[in-house]
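K.L.:
For reference, the chains in residue letters:
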Amino acid sequence: MPDASIESLRALVIEDNALMRALIRSVLFALGFKNVREAKSGEDAFTLLCEESVDLILTDLSMTPVDGIAFTHRVRTSQESPNPYVPIIMVTGHTERHRVEAARDAGVTEFLAKPITVQKLLLRVLEIVERPRAFVRCTSYFGPDRRRRNDETHNGPRRRKDDKQPQQVFV
Amino acid sequence: MSNQPSGKCILIQPGAYPVLAAAGISKQLRDPKVAQAAECALDGGASAIRGAALVYIDRLQTHINRMQAAVATSDFDLIYGDAHEVRGLAGNAGLTAAARIAGELCRYLDAMGRANATPDATLVQLHLKAVVRAARAEDETTRLGSTVAEVLATLVNKKLAEINAS
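Chains A and B, in that order, give the protein sequences.
Mind the numbering: the first sequence is residues 1 to 171 in this note's numbering, read in order.
Mind the numbering: the second sequence is residues 1001 to 1166 in this note's numbering, read in order.
Hints were generated in silico from the structure; no laboratory data involved.
Please read these numbers as outputs of a predicted model, since none were measured by experiment.
Backbone N, C-alpha and C fix where the C-beta goes; we use that ideal spot for every residue, glycine too.
A couple of the hints might just be wrong.
Below 30 Å or equal to it, Euclidean Cα-Cα: the simulated DSSO-like pairs (lysine-lysine) are [said to hold, decoys possible]:
# : chain 1 : residue 1 : chain 2 : residue 2
1 : B       : Lys1033   : A       : Lys120
2 : B       : Lys1027   : A       : Lys34
3 : B       : Lys1027   : A       : Lys120
4 : B       : Lys1033   : A       : Lys34
Example chain B residues on the side facing chain A (calculated, C-beta under 7 Å, incomplete) [as the list claims (entries may be wrong)]:
# : residue
5 : Leu1029
6 : Glu1039
7 : Gly1088
8 : Asn1092
Bound conformation, chain A alone (with noise of 0.2 Å):
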């Protein structure tokens, strides 16, 4: 495993409200990241993706004229897309249900329910950090696994194809 510090990463906050992005850059400033871009929106941080290396992402959900979602997606499944695979973190005051699964359908890594608190964003980079998940690629959907447990005692239906035993790749 390579050797790295909080300060060698580089962080992207996408946020259209330019208070909170100086609120979640304040914060990750504090964790340790010395390295912290910053876009309001969707299509303003692709730009920088495509140009810029960038090891984790928190976005907002509503931004014009690309919200997070759409990003999210591109990220995931543009052929232009420099990195499908960093993690994104979805930092949003938008918890209704429909939205936290679209957001995860689209392939968000973690979603974080605003007021925002230093407890809250630990875990979530943590969880990124300390537990990966694999990413799945499939009819309708390329991004973190979805499934959060491998829940042995399940008797319910499996429903991908090659369940038993998928096909790994590794990249």
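Given chain A, work out where chain B should sit, using these hints.
P.N.:
Here is chain B on its own, set in the frame of chain A:
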């Protein structure tokens, strides 16, 4: 390898990625001093966080005025947008009750919109007034704010149950 969704379900174990999995980062993040520093950044009086929070408080009234103005024209999309802003901002400005009440209003308007139903204007205005009151009284959370939020949540649940039953 293409990252387009494919017909066959495969699992991909990122090897070189994420860089975040590099040794040492986890240890750094788990250092209690790091969390403490971040908490200080979030709560501290002299930090940039505090300045940002004060701006949030100043902006709350603007959001609420816009929401109240929107009631007159029954522009529930605008009310939802502003309530969503308040919900996101107020929590980090220490206005927990205002954030909760705005969140309930968002939940109600979102559900009504998805059901293609017209929101109850009285219920919306009750929420707006409660948000204003909670935002103006910083001790509202410990005094009445939590109770008001709970009562309004009960009302929202009742209204949504009516919609679901119809």
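K.L.:
Each hint should be assessed against the structure and marked as holding or not.
P.N.:
For each hint, the structure was consulted:
1. Lys1033(B) <-> Lys120(A): With Cα atoms ~16 Å apart, lysine 1033(B) and lysine 120(A) stay inside 30 Å; holds.
2. Lys1027(B) <-> Lys34(A): holds, 17 Å
3. Lys1027(B) <-> Lys120(A): holds, 17 Å
4. Lys1033(B) <-> Lys34(A): Roughly 17 Å between the alpha carbons, so the hint for lysine 1033(B) and lysine 34(A) holds.
5. Leu1029: Given a least distance of 6 Å, the restraint on leucine 1029(B) holds.
6. Glu1039: It holds, given that the least Cβ distance between glutamate 1039(B) and chain A is near 5 Å, below 7 Å.
7. Gly1088: The hint holds - glycine 1088(B) has a Cβ within 7 Å of chain A, the shortest such distance being about 4 Å.
8. Asn1092: holds, 4 Å
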